[in-house]
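Enquirer: Turn these sequences into a full structure, and let the hints steer you where they fit.
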Amino acid sequence: MNALDMVIFNLMGALTAMVPLVLTSVGAAVSERAGVVNIGYEGILLMSAFFGAIFAEMGGNAWIGMLGGAFIGMLFGMLHGAITVYLKGDHIIPGIGINLLALGVVAFGITAVWGTAGQHQVAIKMAKWYTPYGPVSPMIFITILITLVTHWVLFKTPLGLRIRSVGENPEAADALGINVEKYRFWATVYGSLLAGLGGAYLSVDWLGTVTKDISSGRGFIALANMVFSGWNPINALFGGFLFGFFDNLSIWVRTNPSVQNIVPWQFVATLPYIVTIVIVAGVIGKVRPPKADGKPYKRE
Amino acid sequence: MNGKNFLKPFMESIIAVTIGVLVGAIVLAFSGYSPLEAYKALLDGALGSKYGIALTLSSATPIMLTGLTFAISARTGIFNIGAEGTVYFGAIAAIAFTAAFANPLMGLLGGILFGAAWSLPAAFLKVYRGVHEVISTIMLNWIAFFGALYIVLGPLANPNDPNKTISVPESARLGLILKETDLSWGFVIAVIAALLSYYLLWHTVLGYGMRASGYNERASKYGGINPKLAIIWSFVIGGIMSGLAGAVEVMGRPPSYAISQGMANIHGYGFDGIGVSLVGRNHPLGIILSGIFFGMLKAGATSMQIEAGVPLEMVKVVQGIIVVAVAVPGLWDLVKNLFGRGRQ
Amino acid sequence: MEEKPLIEMKGIVKVYPDGTRTLKGVDFSVKKGEIHGLLGENGAGKTTLMKILSGMLKPTDGRIYINGEEAAFKSPADALSKGIGIVHQHFTLVDVFDALHNIILGMEGHGLFSKIDVGRAKRKLQKVMDELNFQVPLDVPVENLPVGVQQRIEILKMLYRDVDVLILDEPTAVLTPIEVKELFRVLNTLKEQGKTIIFISHKLREVMEITDRVTVLRKGELIGSINTSDATPQILARMMVGREVVLRIQKPPKEAGEPILEVKDLWVVGDRGEKSVKGLTFEVRAGEIFGIAGVEGNGQTELIEALTGLRHVEKGKVLLNGKDITGKPPKELYDLGIAHIPEDRTNMGLILDMSVAENAILGLQWKEDFRGPLDSIRWVNVRKHSEELVREFEIVVPGIDAPLRSLSGGNQQKLIVAREVSKKPLLIIASQPTRGVDVASTEYIRNYLIKLRNENKAVLLVSADLDEVTQLSDRMAVMYEGEFVGVVKPEEVTEEQIGLMMGGIRI
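Protein chains in written order, with the numbering used here: chain A, 16 to 315; chain B, 23 to 366; chain C, 38 to 544.
One or more of the hints may lead you astray.
Unchecked claim - The calculated DSS-like cross-link candidates involving lysine-lysine, where the alpha carbons are at most 30 angstroms apart (straight line), are: (1) Lys306/A with Lys243/B; (2) Lys301/A with Lys358/B; (3) Lys315/C with Lys69/C; (4) Lys312/C with Lys360/C; (5) Lys358/B with Lys103/A; (6) Lys61/C with Lys47/C; (7) Lys306/A with Lys197/A; (8) Lys152/C with Lys306/A; (9) Lys365/C with Lys250/B; (10) Lys288/C with Lys228/C; (11) Lys152/C with Lys171/A; (12) Lys310/A with Lys358/B; (13) Lys460/C with Lys365/C; (14) Lys111/C with Lys47/C; (15) Lys250/B with Lys354/C; (16) Lys103/A with Lys201/B.
Since the hints were made in silico from the structure, they are not lab data.
Expert: This is the structure we're talking about:
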């Protein structure tokens, strides 16, 4: 492989790796624009990867798996929304709970469903285009489409205006007759639904396998990407490509013997996480979260 | 603390545990197992024998310590979920220090030092750059995982079995409280750590300032407290607890006294600790109780797998449901309203 | 009764969950097409009454009639649909949105998923603006606009919804004199268009200038309504301030001693970057109470925060006993002998989730009495100290281990006073020391401040309660827009004169 091929190969890989990050970041951006913080995306990715694979194998179709993943995401979004929006609970703790639950459910489920410990090769594969630089999934285009549509809705339509208003100044929105709880709840559900789609993509499409740690911190990297992109879906697409590049690079280097001899693979594997911290530390103060982000709203 | 203030959180934890057990039973039934059989096997394994009880307590040891990490930060208004990574470095430090000095105290010291050191990046990122601690600590957990894996497979690798580390020398191990069980003096260390944490939070001026700034940053500034310093201390002291968790685990848990392949024997304690702390209502004394409860689940998991054929990860499902239930605000009031509607 | 009132509120009572009775059976009526002033001091209940009329609060008791029909509002949107809109003192704008989107929010037209027709909304708004002959930039984020413009956007937001009744809560509080003039012109134009306007204010001159009729409230009660043409500022001032039931305050004459606190050309900037304190110079002497009166929001908060180390001093000097203490942190100031009773009891002075005993040492925790070896808290001493405070100040508590939240407002405040006094300070800075406090506690606290003065302490008292300042102070200043309108001896001025000064008129 010559140098140019290698570059193209890795850029293509970044497109593949960006999908779950972008979907989750875009979903998180909508949720936080409405004022609901959710740190449970890591768990939602994990559970949707698992259930998505089950749905795909039961339905005999990768797309059923994708929808199943989104459905699971939606359910957990409803749980999170019920606790934070309607019961006015803390926004962080339910997310921690969902993440812990996912660790158990997936580890248990893999054994209970397939009888294997910790890993299962998914029988159904997403149809892709095969190029000399690796496969290209239709999900890449769907992700871009979802991002663009979400961006448009968020910034150009009454729905988007209202979502943003309840996350910035719920008092102002309430005074004008906007149902703060309703918009917050469904924005939360939408965010988790996209994460669920991203989770199913991990197992049914990209990696073709379910493992008990398949999400590998991507739920949190996606949150970092959301901050980096200033809660803006189109920026999150580019940010997701950047984070995806390092994600893919670290996987590629790990499996590339010629590089392994120079740098221990473990050090390369830390790259996405170090990049995340550096970028977030660098960008904070320059971006501004929605003003009422993470704050329960109760009328006087 | 008077009885009334204590009762409500206690009852909420009991309700959450009940919900966890019940929903767990439903999951078991749906997965084709007998819930009764599974829970019976679990209780049997965890409490049915001297060995089982010892296993419960030894399983409680590291997660009590990591629970303290979360609790101390939570009391300061911080969500430190970086115990997981800190445990790895605590374990590594214990192995390295005991390899050099062959003394248990040096091993514990290593765990303390490395634990404190690894907590600093997240503390400084929070205080000086405003990076949310949830993101930074999770990223640091992954960095710790791969960094520790490199050390396990490299500098500390066992020449006879390169997938695991060298063992803690016999003279540096923590002795067993009960012979031919897993229960070492590490359990006592964890209980003492919980008592000291309680003392720190409620009986020192530093702990007073930490709690004050956790409740109300503005009022703490008015009271002459520096909230930034309080946050840094909460990270450092929390880090010490997790560092100790790693050290105690490799120095006190038979038979290997080493970090095993893929770090499997020190993996997951950080996250278990969050659950322990939340169910213990982020109170060190509550953590002793909930730590033993979670230890019981862990200890019984193996016998549940052997006797009832249920994958041992099932207990993590129960743990997860419990924590989600704990996150529901006003659980006690909800239940009271549900059952007390007819009254009054 | 020449015509039926447009709005009639009858016997309105509001009791907050903590037991505070803000409105004690108020009647209020407004005629169609008038500008109606609602006048009263802070705490008179003006804002509460209007929050009830605009659907933000539910009254504990009483009825509201619109055009003779009874109305019960569940939400602000409910009141809006009945044609009643309010512009709050603190604007409810989404900072990052431009004016256009702030205004159309909630009635964007078409379906939720269709593109917002910005052009159409702009044209409609332009028409409204042309009719009123004022302009606001429609496509700049409102946070980048001056407050005067933000206020116009709030007014436009209401007009876009075709309100008949526009309530303005202290609309001039944030405006410059030129902006006030412009606002008044707009209000008169609206009146010509047949709109009804309720103008909440405490500024006499403005009420005289703009309103047709005035209703005066005092301490939650209706004092009366009067046609503005029949009123003079003096009459209104007397109605507003009134002859209070005088609390039993004994204040023997006393010569003031050496200056304890000296403030020289102090400049302080507020949260939004505005100049809040503009070059104040004054001193507080040993054995005197120096009072600062004035309507809230004229820089008092920023002044106190700067003096107590909680806010940055832009320019100027602060001396305590001749020693420069400018910019020192709170802990050092406490050690040097400053005690601070903060205005925000629940967010600053106390930690509601901690116990009475723990709160009794906030700011004292490192003193030798309470801090033992190894940084330990000497709980025995802390408990003894708390019990002493509770006993000495007659604080009603379920127990010193009870969470502070369980105390009544008056007892919470007494605990703060007790704790601050126990610091044995040279200077006590007391900010709104009796706000929201019951009568008995109020009397206790006021007498205690006198006692401190008699013991030769220096007391700096800031209060929006005029009676409090005039009764307690040896000397007093009236603060207005970051400056002192005058420094006087309370016994040498009339209440009317002080009322005028609070409205910004120098005498």
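Enquirer: Look at each hint and say if it fits the structure.
Expert: The hints, checked one at a time:
1. Lys306/A with Lys243/B: This hinted pair holds, its Cα atoms lying about 23 angstroms apart.
2. Lys301/A with Lys358/B: Distance ~47 angstroms between Lys301/A and Lys358/B Cα, so the pair is violated.
3. Lys315/C with Lys69/C: violated, 42 angstroms
4. Lys312/C with Lys360/C: Holds - the C-alpha atoms of Lys360/C and Lys312/C are around 26 angstroms apart, at most 30 angstroms.
5. Lys358/B with Lys103/A: With Cα atoms ~18 angstroms apart, Lys358/B and Lys103/A stay inside 30 angstroms; holds.
6. Lys61/C with Lys47/C: holds, 11 angstroms
7. Lys306/A with Lys197/A: Satisfied, since the Cα-Cα distance of roughly 18 angstroms is no more than 30 angstroms.
8. Lys152/C with Lys306/A: Within the cut-off at roughly 25 angstroms; holds.
9. Lys365/C with Lys250/B: holds, 17 angstroms
10. Lys288/C with Lys228/C: At roughly 50 angstroms apart (the allowed maximum being 30 angstroms), Lys228/C and Lys288/C break the hint.
11. Lys152/C with Lys171/A: Given that 30 angstroms is the threshold and the Cα spacing comes to 6 angstroms, the pair holds.
12. Lys310/A with Lys358/B: Holds: Lys310/A and Lys358/B sit about 27 angstroms apart, inside 30 angstroms.
13. Lys460/C with Lys365/C: holds, 18 angstroms
14. Lys111/C with Lys47/C: Given that 30 angstroms is the threshold and the Cα spacing comes to 18 angstroms, the pair holds.
15. Lys250/B with Lys354/C: holds, 27 angstroms
16. Lys103/A with Lys201/B: violated, 51 angstroms
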